Amino acid sequence: MGTEKSQAAGAPATKRQFRIWRGDETGGDLKEYLVEVKEGEVVLDIIHRLQSTEAPDLACRWNCKAGKCGSCSVEINGKPKLACMTRMSTFTADETISVTPLRTFPIVRDLVTDVSFNYEKARETPAFAPPPGVTPGDYRMQQVDVERSQEFRKCIECFLCQTVCHVIRDHEENKPAFAGPRYFIRAAELDMHPLDARDDRKEYAQAEQGLGYCNITKCCTEVCPEHIKITDNGIIPMKERVVDRKYDPLVWLGNKIFRRGQVPQTSVTSEHSPGAVRTPAAGPPGFHSHAGASHDPEAEAQAQAGVNWHREVPKPTAPTLDETGKLPLTELTFDRPAAPSPFGEDVSFPLPPEHLNYAHPEQDKH
Amino acid sequence: MTSTATRPGGPGARPRAAIAARTLRTDRWWVQPVGIAAILLFFIVYSTIRVFMAKWYYVEDYHYLTPLYSPCLTDSCVPGSSHFGTPFGEFPFFLPLGIVAFPIVAGFRVTCYYYRKAGYRSLWASPPACAVTEPHQKYTGETRFPLFVMNWHRYFFYLAFVVLLINIYDAFLAFRGPDGAFGVGLGTLIILVNIVALAGYTLSCHACRHVMGGRLKHFSRNPVRYRFWTLVSKLNVRHGTFAMVSLFTVLFTDFYIMAVSAGWFTDLRFIN
Ligand code: SF4
Ligand code: SF4
Ligand code: FES
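As given, the protein sequences belong to chains A and B, one line each in that order.
Counting the first sequence from 1 gives a position; my numbering is that position plus 46.
Counting the second sequence from 1 gives a position; my numbering is that position plus 50.
Just so you know, not all the hints are guaranteed correct.
One side only, chain B facing chain A, incomplete, derived with CB under 7 Å [claimed, not checked]: (1) A63; (2) R66; (3) A68; (4) R72; (5) T73; (6) R75; (7) T161; (8) Y165; (9) L173; (10) A175; (11) T193; (12) H260; (13) G264; (14) N272.
It should be emphasised that the hints constitute simulated quantities derived from the structure, not laboratory data.
As the structure is a computational prediction, the values presented were derived from the model and not from experiment.
Note that CB positions come from ideal geometry on N, CA and C, so glycine has one too.
Using the sequences provided together with the hints, build the complete structure.
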C-alpha cells in the first residue's frame, strides 16, 4: 500500500490563520489563532480543534453537524453562515478567516448569542387554525394546494435570515414591531395552507409583524441555507395579499359588485397601521411579548373565537445560568443532564391553555 | 467597552457582540451596488433628456416610433406618429409628448419589486449589501409615506400592461417600407427584440404572478389559473434579468430611432 497514498490521507495538514471573537456582554475582541486544517474539513471542525487545543473555553453552539439543526449559525468573514456547512476549501490558503457571533442578537459568550427574540416572535404568530366542522384525522389536502407551504416547512430555524435583515440588524428599536423574514414565511405558509381557517393573516402580517418594514432587499434569501425563496415566494406574495385587501382597485370593485370577500375586520386592521401599532412594552427588547397591550372588548371577543394576539401571556423565562452568570460550558459542569431548555426550566409540556395566545375554536365542546 | 458598529439600540437593550468594523466581509461587496447605481443613474439621466427633447422620436418612412414617446396623443406630435389620434390637442412646449405612457412605465419600474431591491441597495444604501451596516440612523421601511406608495405597484402593472399592448401595436406598424408596403429593416428587428424583452419583463412581474393565481388558496379548484400561475412563476424567476435586459433594449431602441430620425446613419433594410 506504500505507494498508494490516498489523496485524502496524503494531503498534508496546513496551518491557517483565524480571527475569532471572544468576549461577553461586557466587551470583547477578535483573537488571532493559527490552527491546523485538514482536507475536507468545515469551519466547525476548526472550532472544535481549537476547543480541544489552545482554547478549551471557547463557547459555540452546534448539534447535528449536518446542516439540519440550525444551531451553529455564526458569521464567517462577515457573512451569516452555518459553521458546519462552510467548507475550508472555499477559502484560499493565505486567507485570514474571521468567525464572529450573530450580530443582531444579544451576546451570551464568544460565538453564542441569545436568540430568544425569535422564539418570542414565534409564540406571537397565531398557530394553525383548524377548519370548522372537520375533525382532526379527516383533514384531506391535495398536493398542488400544499406545495407552496411545503417549501417553507424546510426551514431549520437557523435564524441566519433574521440576523442578516438590516431592519433589526442595524436598528435595534425596530425589534418590537418587526417579526423578521422567518416569521413572514410562517405567516405565508399558513395563509397559503388549504385548511387554515383564519383569513386575516395578511392583516396580521402587516399590522403586527411589521411586513411593511421589509424593503425586499433579499438578503434573507441570499443567506438561507435551505435555499427557501423567502422574498419571492413568501414575503412578496404576502405583500401582494395585503395589497388585495388594502389597495387594489379591481379587487375593491369586484368586492363591491359581487359582495364577496366581506372579511370581518379585526382590531388590528381597523386603522391604517404601519407596523408599530403598539407602544413597545416597558423592559428591555427581547422581552416584549404583547403583554399588557390591550384589553378592549373586541380583542377579548376575538379571544373567545380563537386567537387573541394581545392576550397577556407569561414572559418566557431565560435559560438557567450558573453561579458566574454564564451558561454552563459543558454538560459535565452542569447540574443536570442535557442542555438547558431555550424556553426556560420552568416550562412543562403541553403548555397550560392559559399560557397560550390561541385556542381551538371548539375547545369548550370537548 | 469596545465601540460597536451594530447600533445597540436604546438604553434598555442588552449588549450585542462588540465588533467595531462596519462589516467583516472580505469580498468586494461594493462592486455590485456601485455598478447598478451607475446603470440606473445613466438611464434616469438619458431618459429625462430624451423625454424633454421633443424631436427625433419618429421615422416617418418606416413607422418607427420610440417607446419613450408612444402613444403620442397630441397635435404637437410629428405627422404620422399619432397612431391613436390626438385627443389632447396642442401641448405647451414644456410638457413631454409621451406624458401619458412615460409616467406609467416609469412608475411601474420604480415600484417594481426588482428595482426596489436594486434602488434601495445601490441608490439609498439601505443596506448597501448584505451584512454591511447601513448609514441611516432611522429606518421605517415601506410603512409610511412616501415609501408605502410602493404598494401601488399593482395599479402600475395594470396600466403598464395596456402600454405593452400599445407597444406591440407599434411594432406591427414598424413592418413597413417607405412605399407603405411590407418591409423589414434592422430597426424593425430592434423594436421586435425590445417588445419581447418588455413582454418578458411585464409578464414576469410579481403583481402579475399574484393576480394570475398567486392569491388563490386552493389551486386544485382553479386549474386554469394554476396553469397561468405556473407559467408566470417560471418567468418570474428571471424577473431581475428581464428588468435589466428590457432597460437596455428600451434605451438602445430609442437611441437607434433617434439616430435614424436625426440622419446620423440610415436604417439597414432587409426587405423593402
Ligand atoms: S428582504 Fe425584507 S425581510 Fe428579507 S432581509 Fe431584506 S428587509 Fe429583511
Ligand atoms: S428561512 Fe432559511 S435562513 Fe431563515 S431560519 Fe429558516 S432555514 Fe434559516
Ligand atoms: S450543527 Fe446543525 S446546522 Fe450546523
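Of the hints given before, which are not true for this structure?
Violated hints: 4, 7, 8, 9, 10, 14; rest satisfied.
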